[in-house]
Amino acid sequence: MGSDQLMSRPADRDEGSGDGGGLGQETALRCVLAQEPLLTGFLRAIVGSRQVAEDLFQDLVVLVMRKHAEIPNADAVPGWTRRAARFLALKALEKRARERPTMDETLVDLLEKTWVDDGEPAPDPYVAALVRCRDRLPEHARELLTLRYVHDLSGEQIAAKLGRPLNTIYVTITRLHRTLGECIRARLRGGDV
Amino acid sequence: MSERDNDIDLLVALHLDDALDAPSAERLFAHLRTDVAARRLLLAAATQATVLPRVALEAGLTRPSAVIIARSPARWWRWSAAAAAAAASLLLAVGWWWTLPSDAVADVRLAVRADLVVMRGGERTAALTVQTGDRLEVGASGARLNWTSEGTGIELDDGARVVIEQLGRHKRLRLERGLLTAEVAPQGEGGLSVITPFGVVDVVGTRFRVQVDDLACAVQVEHGAVRVSGGQDPTPVTVGAGFTVRLAADGQRSAPAPLTLLPTNERANGAEVHARSAPPARVVRLGVETYRASDGWEGDLVDGTIRGRAVAGSPVTRITTPVHRPEGFERFDAALRMTIDLTVDHPTTLAVLLVCDHPDGGTRWLANVQAERRIPAGAQQVTFRAEDFTLTTAGAQPLSASRIVAVAVMTWLPAADLRLRSLELAR
Chain A
315 MGSDQLMSRP
325 ADRDEGSGDG
335 GGLGQETALR
345 CVLAQEPLLT
355 GFLRAIVGSR
365 QVAEDLFQDL
375 VVLVMRKHAE
385 IPNADAVPGW
395 TRRAARFLAL
405 KALEKRARER
415 PTMDETLVDL
425 LEKTWVDDGE
435 PAPDPYVAAL
445 VRCRDRLPEH
455 ARELLTLRYV
465 HDLSGEQIAA
475 KLGRPLNTIY
485 VTITRLHRTL
495 GECIRARLRG
505 GDV
Chain B
8 MSERDNDIDL
18 LVALHLDDAL
28 DAPSAERLFA
38 HLRTDVAARR
48 LLLAAATQAT
58 VLPRVALEAG
68 LTRPSAVIIA
78 RSPARWWRWS
88 AAAAAAAASL
98 LLAVGWWWTL
108 PSDAVADVRL
118 AVRADLVVMR
128 GGERTAALTV
138 QTGDRLEVGA
148 SGARLNWTSE
158 GTGIELDDGA
168 RVVIEQLGRH
178 KRLRLERGLL
188 TAEVAPQGEG
198 GLSVITPFGV
208 VDVVGTRFRV
218 QVDDLACAVQ
228 VEHGAVRVSG
238 GQDPTPVTVG
248 AGFTVRLAAD
258 GQRSAPAPLT
268 LLPTNERANG
278 AEVHARSAPP
288 ARVVRLGVET
298 YRASDGWEGD
308 LVDGTIRGRA
318 VAGSPVTRIT
328 TPVHRPEGFE
338 RFDAALRMTI
348 DLTVDHPTTL
358 AVLLVCDHPD
368 GGTRWLANVQ
378 AERRIPAGAQ
388 QVTFRAEDFT
398 LTTAGAQPLS
408 ASRIVAVAVM
418 TWLPAADLRL
428 RSLELAR
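Chains as they are written, first to last, in our numbering: chain A, 315 to 507; chain B, 8 to 434.
Hints listed in this document are in silico derivations from the structure and should not be mistaken for laboratory results.
For each residue, glycine too, the CB sits at the ideal point set by N, CA and C.
Worth double-checking, as some hints may not be accurate.
As the list claims (entries may be wrong) - Taking lysine to any residue pairs in the SDA-like style, the calculated list, with each CA pair at most 20 Å apart, reads:
#, chain 1, residue 1, chain 2, residue 2
1, A, K409, B, T399
2, A, K405, A, D369
3, A, K405, B, T399
To be verified - Calculated from the model, a selection of chain A residues having no Cβ within reach of chain B, i.e. all distances over 12 Å:
#, residue
4, D389
5, A390
6, H454
7, G477
Claimed, not checked - Listed next, the stretches of chain B that the computed footprint assigns to chain A, with coverage defined by at least 3 CB atoms under 8 Å from CB atoms of chain A:
#, segment
8, 13-27
9, 48-62
Model the full structure from these sequences, guided by the hints.
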């Protein structure tokens with residue numbers, strides 16, 4: 315048994331109010347929630363499944379609520395939550411590895427490094443840029459993304475609905491992500507695409 | 008676009024659809040290890056995939072003018088400027104609420120499926136929203152009710168029959184038959200009640216399932232808490248996260264029991280809790296009488312008690328029994344009762360963690376369950392029952408009758424002197 319298997323703090327701790335140093339619970343939570351879309355996106359890049367990524371973010375929030383006093387200040391939140399997200403994702407991958415192929419720790423580290431090296435964008439400008447870029451897409455492209463991510467249809471269901479080959483649907487969706495990504499980067503840099 | 012780019016595009020989309028097979032996964036991971044552009048693409052695609060549904064909601068793209076086709080029950084996430092207010096409810100339920108302008112009382116959107124029958128006033132109707140009095144007969148594709156102003160959603164499985172008895176601040180649905188899965192935002196002064204032939208489930212903000220068949224109703228709570236009334240006992244019972252209760256046609260209501268006791272298929276189908284007969288009763292006693300340093304106890308025999316040791320780098324004092332494989336000390340099931348005879352020098356939180364292995368023995372660790380209680384200073388006996396324990400590890404669940412191979416008893420600062428005399432496992 316590792317010590318991490320035997321360490322679990324009770325949920326009703328009244329310590330860690332921030333009085334003894336570190337962030338208060340409310341402040342820490344607000345900081346984490348502000349990053350939610352980007353953190354969940356990072357988690358989804360690792361685990362693939364939307365549902366698993368959202369579950370992991372929930373676990374992350376609970377972790378923040380328990381360990382907020384360990385975060386020294388608001389500036390430290392992005393790094394702390396990224397490391398915590400990585401830890402939770404690796405735990406999830408360990409469990410999922412029994413059923414399906416998953417990334418190893420080295421690859422997860424590479425993804426994290428890429429994310430950090432490219433500079434984590436601020437959530438609000440990112441979302442605003444995504445909205446503008448999405449609106450510039452042709453209607454059929456927007457419809458495809460809506461079917462996939464708003465109506466949460468699988469690639470198979472979309473292919474059946476539109477009468478197109480499955481691989482074509484998948485490749486087209488990722489091409490749209492490429493297009494959106496270039497547009498978003500340009501907007502965040504301040505250019506007008 | 009090169010062949011390589013085409014392959015990456017295909018694999019990224021498969022990954023985000025959770026549809027990778029082993030060879031495809033290996034190809035994707037190989038690309039990601041060597042190609043930073045591929046990693047950037049995956050991160051970008053995953054983030055866009057996460058944000059696009061949220062911005063669609065903001066733009067009202069899921070309002071009634073659009074047909075909403077939901078594939079499977081979704082975990083609903085919302086964030087708002089009232090995040091701090093959400094924190095108080097988070098420990099009980101994933102209770103985020105969306106600050107969209109609220110519609111009129113009945114803003115319930117209905118996922119339109121080809122084989123869903125909506126009866127209104129005794130006549131079949133094609134409806135995108137539901138009204139009080141509507142009767143839903145659900146076909147193979149299932150159905151979904153969405154309260155868009157508050158983020159509550161209810162998924163109905165094939166064969167379910169539901170009557171909308173009341174809408175508005177307090178919602179009442181009558182589940183006559185079938186399976187209902189609910190993700191319920193905190194209801195505040197309102198509420199959601201699911202009425203079954205055998206009893207009523209009152210929801211305050213949670214994710215739970217209710218299954219009704221000819222003989223019984225089973226309630227399983229995954230997050231939050233529900234209050235269940237019915238059966239011969241008129242007193243409602245609160246069913247917390249990770250527990251299930253059964254209401255039978257003969258009026259019997261089971262005590263809440265851990266979901267973890269059920270095999271996966273039984274949990275999904277809301278079947279009877281006590282699916283397996285309990286092992287024969289016996290008492291296992293660990294402590295001063297059985298202590299031997301060479302056995303691997305974490306703790307020291309001092310003055311006729313086992314004294315806990317401080318855990319390096321943490322505010323925890325801990326005593327751990329030796330790991331006992333493959334037979335374990337005892338089986339974990341609904342009848343388990345643990346009694347601890349101990350002394351602490353300061354009021355504290357006492358936590359007991361059970362390390363569980365597979366029921367068939369061996370050396371494969373399965374999961375941990377933990378129970379906690381505030382205790383005063385001094386010498387005392389503390390008893391925990393099976394329903395006090397909850398899973399602390401994600402993923403694999405202890406199966407019914409899994410083996411307890413080790414026990415950890417922990418206290419937190421300011422209590423520093425934890426003394427154990429005995430620990431008894433019985434049923």
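Quick one: which hint numbers does this structure break? Sort them smallest to largest.
-> Nothing - there is no hint that the structure violates, so all of them hold.
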